[in-house]
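Top to bottom, those sequences are chains A and B. Everything in the first sequence is counted per this note's numbering, starting at 8 for the first residue and increasing by one. Everything in the second sequence is counted per this note's numbering, starting at 14 for the first residue and increasing by one.
No wet-lab data here; the hints were simulated from the structure. Heads up, the beta-carbon is just placed ideally off N, CA and C, and yes, glycines get one too. Just so you know, not all the hints are guaranteed correct.
In silico contact screen, one side only, chain A against chain B (beta carbon under 8 Å); selected entries [claimed, not checked]:
id : residue
1  : ARG22
2  : THR34
3  : VAL84
4  : GLY182
5  : LEU187
6  : GLU210
7  : HIS216
8  : TYR218
9  : TRP313
10 : ALA317
Computed, partial: chain A to chain B, Cβ under 10 Å [as the list claims (entries may be wrong)]:
id : residue
11 : ALA360
12 : GLU363
13 : GLN364
14 : HIS367
15 : VAL368
Here are the in silico distance ranges between beta carbons for each label pair [stated by the list, open to error]:
id : chain 1 : residue 1 : chain 2 : residue 2 : range
16 : B       : VAL445    : A       : SER331    : 45 to 53 Å
17 : B       : SER241    : A       : ALA152    : 53 to 61 Å
18 : A       : VAL288    : B       : ARG40     : 15 to 23 Å
19 : B       : SER230    : A       : VAL288    : 29 to 37 Å
20 : B       : SER241    : A       : SER331    : 14 to 22 Å
21 : A       : VAL159    : B       : PHE307    : 15 to 23 Å
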Amino acid sequence: MASGRSRHRSTKGRRLVAAGQILGVGTVCFAFWLLLDARQLYDSAIASPLGARRSVAMAILRPIARVSEALSLDRPVRGADHVLGRDGTPGGSVGGDPVPSREEPGAGAGGRPPARGGEPGSTSTTTSPPVPVSSLVPAGPPALAPPAPGHVLTILSVGDSIGEDLGYGLGDVLGGDPGLRIVQDAVGSTGLAAIDYYDWPAELEVELHRYRPQIVVVMLGGNDAQSFDLGARYVGFGTALWRRVYGARVATMMDEATAAGAHVLWVGMPVMSPAATLSDVEMRAENSVYAAEARVHPGVRFMSTWKLLASPSGGYSEYLPDASGDLVQARDSDGIHIDAPGGTDILARAAVAAVEQAWHVRL
Amino acid sequence: MLFPTIDFAIFFGVVFIGNWLVVPFPRAWKYFAIAASYLFYSWSNWHYVFLLAASTLCTYAGGLRVQRSRSARSRRGWLVATIACELGLLAWFKYYGFLSLSIDNAVRHLGVHGTPVPLLGTTVFPLGISFYTFMGLSYVIDIYRGTLEPAPLLDVAVYESFFPHLLAGPIVRGSELLPQIARAGQRDPRHIDLPQAAYLVFGGLFKKVVLSSYVSSAIVAPVFNDPSLHSAPEILLAAYGYGVQIYCDFSGYTDIAIGCAMLLGFQFPQNFDAPYTARSLQDFWRRWHMTLSFWLRDYLYIPLGGSRGPRRRLYRNLVITMVLGGLWHGAGWTFVIWGTIHGAGQCVGHWRRGWRLRHGRPAQSDAPRDVWAQRLVTFNLVTFGWIFFAANTLHGAFTLVTRLFTTWGEAAPLVRWPVVAVIVLSLSLQYVPKAWTIRAQELFAGLGTVAKGVALGVALLVITTLGPAGVAPFIYFRF
């Protein structure tokens, strides 16, 4: 008994260390991790919003990532990524400034003219559609055949975490129909501003090939209210250059989908809570780009959610009337996302009505 | 500020150094701790630091008034007023929307139209409010009961805002933390249990970032967000998966919290103790979110009468406690049903133990086969309850339960061996003997400084490599 107690005491004594030693342990731990994981950290830094924080992170991580690459210390992480099937995400070398993976219009380069400010063509009501759909271009992919058990109509839902909300809503609203196949493929924390982090145009090509959808529903923008780098150029959010570059990325997704024979419903960002981290001004700027691109792309329709998810006075409201007129919680407590099932149901039903109205198909 | 972020790593590094540098100056340390905690709290939304300050002032003033009141009636009056103030803040943010919505819809169905719901939907839920409210309540109630002396305002401010427990617990009692705060200047910077703290922090990170995130995205979120689209095997796996997800998420958070507090020289109570090894629902609640279940026991169940009196009163008290515990998680019928399942299950357990004792048997059989049967039944009951807890709506929960029993022949593309393997592995970890983890900590303790750093660096690399990009908020942040 006595020996046991003394052993415990000696073990306990060995366990206890000084704060200074813990600092040493922590420093070694982070230095080791930085060396081996510098490449991934550098990629994350590139993908983060422009600003001092990003600049500092890149300035610190760039030389470490170079050393890591030169000494092949990044091999374990690369190997693990390969095993986990994640090699498709950010790539390139650490040599210079990040270069976008797709063709982008530079300053003064081509690109479609941006839409003028304000929320485009919205005439929605709060409950039942008709839903605002910009519809200036009649041509596009082949007409949609109505879904039937022998003829399954595939709807691919892509976007960011708000797109996930919409995708789950579509699943709830349309899920029971054997003639419909709903593919929810939105990914949180993604968008079109940081395509070095997640390249939606590239991902969409893969998904189009994999699922061969007749309809693609896109809802993103929650992570795009940020400036970004284009090669050596700074692209400030909301500037004319930003609208051109961002619009080109939107256009690429629309082109890919329509070229694959799909109709595209591009769902706009909703009004945001004043307490949220996103502002209405930012969302309007993004929506104007989506709507402008939709107008010049055959087979693409833009659906505004501004009035659909706003209070009767036009402001943000966490609670909205559903199809039966009952108030339901429509927005998450973060003031940004769509709450399930109340809000996702309102949004999904509006999207379904927009598809039906635009392409004369009964879902 | 989320624990598994670079922001927090930098924040904690600075706080760690500052914390130990100002140890010789206890008063300065308290100001330092408050400043750090308020910075931590304001990281995502600075508006609510005023709420935290208001709650602290309410707690402090309430405790003081209760202590200084001469008559029993006055003491009780101040206690009730403080509880009303604290719970009023909580209710405003947590239940006002639900209640207003229900009243508004009821009135509308009676044919009265208009907008009788003022201020609805204009607020964002303040993180951690449930946790610091419960801590404030326990402080004042303990003073009322005479088991705690009022503390100075500075100490109460540190107690309620101390950042490791601020957002999602553990719910630390005044009697546990205030004496440590009062003796903050006596902490010895040469005696920190690094092996245990590292085990808690890195183990917690692994549970949250790797296990919880994977199970959530692979099976739980798709099934619970679209109940009508999935077959019985998928629903069953998602229910087990949610059990793993919420355990890894919540226990991971509190492990990190306890480990961080330990590195700063503070001891927090344990919050989880291998809950899925429980042999009954009563046993489960001695192992799951222990600081909440003990809080409910001491401040709700026992004041209701506890197990005193006739058996039916015991059953009533159990059900009331568990239903209110369910409603603490949120206003909704899913939480009421979840609480009722646990309350009713515990009543059945009490009845069964009493029946066995009356028939000359031990309250619970300890034969190995029976022990495993008890664990299996308890685990599946808890899992059944999670379906209601996790479902977005009551309709969604019933859809899941119905489909769980009616769609066994349908395809189950989400049931894949990696998901099954991770769920089984996560559950198996609860059966790892404590002696093994202690042995591992001792081996770690025997390493030199550099070797310890490299070992933790490897652990961090594994976590960041296996985890997804970005970290989802902790489930319990919304409670």
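Outcome of the hint check:
| no. | hint | verdict |
| --- | --- | --- |
| 1 | ARG22 | holds, 5 Å |
| 2 | THR34 | holds, 7 Å |
| 3 | VAL84 | holds, 5 Å |
| 4 | GLY182 | holds, 4 Å |
| 5 | LEU187 | violated, 11 Å |
| 6 | GLU210 | violated, 14 Å |
| 7 | HIS216 | violated, 19 Å |
| 8 | TYR218 | violated, 13 Å |
| 9 | TRP313 | violated, 17 Å |
| 10 | ALA317 | violated, 11 Å |
| 11 | ALA360 | violated, 20 Å |
| 12 | GLU363 | violated, 21 Å |
| 13 | GLN364 | violated, 24 Å |
| 14 | HIS367 | violated, 26 Å |
| 15 | VAL368 | violated, 21 Å |
| 16 | B:VAL445 / A:SER331: 45 to 53 Å | holds, 52 Å |
| 17 | B:SER241 / A:ALA152: 53 to 61 Å | violated, 24 Å |
| 18 | A:VAL288 / B:ARG40: 15 to 23 Å | violated, 46 Å |
| 19 | B:SER230 / A:VAL288: 29 to 37 Å | holds, 32 Å |
| 20 | B:SER241 / A:SER331: 14 to 22 Å | holds, 19 Å |
| 21 | A:VAL159 / B:PHE307: 15 to 23 Å | violated, 54 Å |
Of the numbered hints listed earlier, those contradicted by the structure are 5, 6, 7, 8, 9, 10, 11, 12, 13, 14, 15, 17, 18 and 21.
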